[in-house]
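S.K.: Order-wise, the sequence lines are chains E and B.
Counting in my numbering, the first sequence runs without a single skipped number right up to 819 at its last residue.
Counting in my numbering, the second sequence runs without a single skipped number right up to 819 at its last residue.
Keep in mind that the hints were calculated from the coordinates and are not lab data.
Be aware that one or more of the hints could be misleading.
Stated by the list, open to error - Over the 10 angstroms line for every Cβ pair with chain E, so calculated as not near, a few chain B residues:
1) Q589
2) H614
3) K625
4) T635
5) E647
6) A699
7) M726
8) S728
9) V755
10) E759
11) L786
Stated by the list, open to error - Taking lysine-lysine pairs in the DSSO-like style, the calculated list, with each CA pair at most 27 angstroms apart, reads:
12) B:K763 <-> E:K678
13) B:K580 <-> B:K605
14) B:K578 <-> B:K798
15) E:K779 <-> B:K720
16) B:K800 <-> E:K632
17) B:K800 <-> E:K819
18) B:K763 <-> B:K650
19) B:K590 <-> E:K720
20) E:K625 <-> E:K591
21) E:K671 <-> B:K590
22) B:K798 <-> E:K608
23) B:K591 <-> B:K578
24) E:K671 <-> B:K798
25) E:K605 <-> B:K779
26) B:K608 <-> E:K779
27) E:K676 <-> B:K798
28) B:K763 <-> E:K798
29) E:K665 <-> B:K800
Claimed, not checked - Which residues of chain B face chain E? A partial, calculated answer using Cβ under 8 angstroms:
30) K678
31) R697
32) I698
33) D700
34) W701
35) I795
36) Q797
37) K798
38) G799
39) A801
40) L804
The model shown is predicted, which means the values in this text are computed figures rather than measured ones.
By construction, the Cβ of each residue, glycine as well, lies at the ideal position given by its N, Cα and C atoms.
There are 2 protein chains.
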Amino acid sequence: MLVKSKVKYIQSLGQKKFRQQEGVFVAEGPKLVKELLTEHSDSVVEVFALKNWIDENKRVTINCNLSEITEAELEKISQLTTPNQVVAVVKHFNTIKPFAEKGKFILALDGIQDPGNMGTIIRIADWFGVQHIVCSQDSADWYNPKAVQSTMGSIGRVNVFYTSLGKWLEEQNDALIYAAVLGGEDLTKMQQPAGGVIVIGNESKGISEEVLKFCNASITIPQKGKAESLNAAVATGIILSHFCK
Amino acid sequence: MLVKSKVKYIQSLGQKKFRQQEGVFVAEGPKLVKELLTEHSDSVVEVFALKNWIDENKRVTINCNLSEITEAELEKISQLTTPNQVVAVVKHFNTIKPFAEKGKFILALDGIQDPGNMGTIIRIADWFGVQHIVCSQDSADWYNPKAVQSTMGSIGRVNVFYTSLGKWLEEQNDALIYAAVLGGEDLTKMQQPAGGVIVIGNESKGISEEVLKFCNASITIPQKGKAESLNAAVATGIILSHFCK
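Chain E extracted, bound-state conformation (with noise of 0.2 angstroms):
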């Protein structure tokens, strides 16, 4: 049986306030769990599960808590609309500062908004061997809910850096720093650079001014129809899928 108190606890855990504050985030989900126990089984602090989950997952080492709960629990902790199987609360991961370095390209997110879209861009950097995201500190938390869950188990497989992002550019002397803008150069018909910093503006504003004027070379996704803009993630993958090819 879980305790009011921890169910009220896992509950908190849906503020980045209390995220922070207590230096983990909840994973949910038999696969995304899974991965965890597996890649990151040090950073799982507790599990809660229902009884066929534990079952079936007999096999995998949990060197942490795990705790049998009821549907109805799962319930009342689970902050997806469809709660599944399994719930975990694990530490933060350490991140490091990265440096832009020749032949590795860099993620750089000025002030994405929406959880939705960071999980899925740790998605797509993670596909694209990209290690490091640099965020600035109003981009959307990589721990909150829904971002987690987007991410699809690729959140323990990048560095997600948040700092303040005009400052960190300047520190990247030389580096190739390519803002994604409506009106710069062609992605299309670019020769393939050799690593250099990507800058992904927010979904409504773009790329802020004080980024921008660190960029030192823009691009431009070529518009065929009539749709404005593209979705941050989508033009995110659309972008390393022809930088890393």
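Place chain B on chain E using the hints.
M.R.: Just chain B, lined up with the frame of chain E:
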């Protein structure tokens, strides 16, 4: 003032059954509603808006009933987490059964489940000038409120046709039909095709056997890192960015 029955009616349009019965859907937010009033004024049946929206849109021609509502009323009829000034009831668009032609691309969606993905794919199609999307009957409804929202105004500019996808593919004589799969031809190394049908599968199960048998080519977005897959909308964007250069 909004009468109770009207509130109930608009709320019921959150469900596909009632949308189909009534032949209408709900569009929200200043940007989307203004685009619909400008590009499809005959389709807009009724508009409900806060006073400030009405004051700001005095120059927009509105050929239907316009009701001023309060914030509290807006909250009741809105499907958004953050209601945004205006809600419109809009007639379903006339759609046509498209046919593959040389020089044009058609998207075929096989069981896309997430309404957000559906809307984002419509937006992507509109960006790349793809005019037709053919969906299997079990794909998410493009008039679902989340889908409508995710189109960001592209909803009236793309023809979305639901049908038995296998049957439809069978009718596309001689057309190149590309299955987006793992382990196909590297998209980034292919010669740019002169049109064809691009089939995108379900988010977790991919393309069904029944549809796959009508595909005569297969394409893959090369994976460099460890993520198992890409989001369906992101994959669609990447493929079109390489095909519609």
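S.K.: Against the earlier hints, flag every one the structure doesn't satisfy and list their numbers going up.
M.R.: 6, 7, 8, 14, 18, 20, 21, 30
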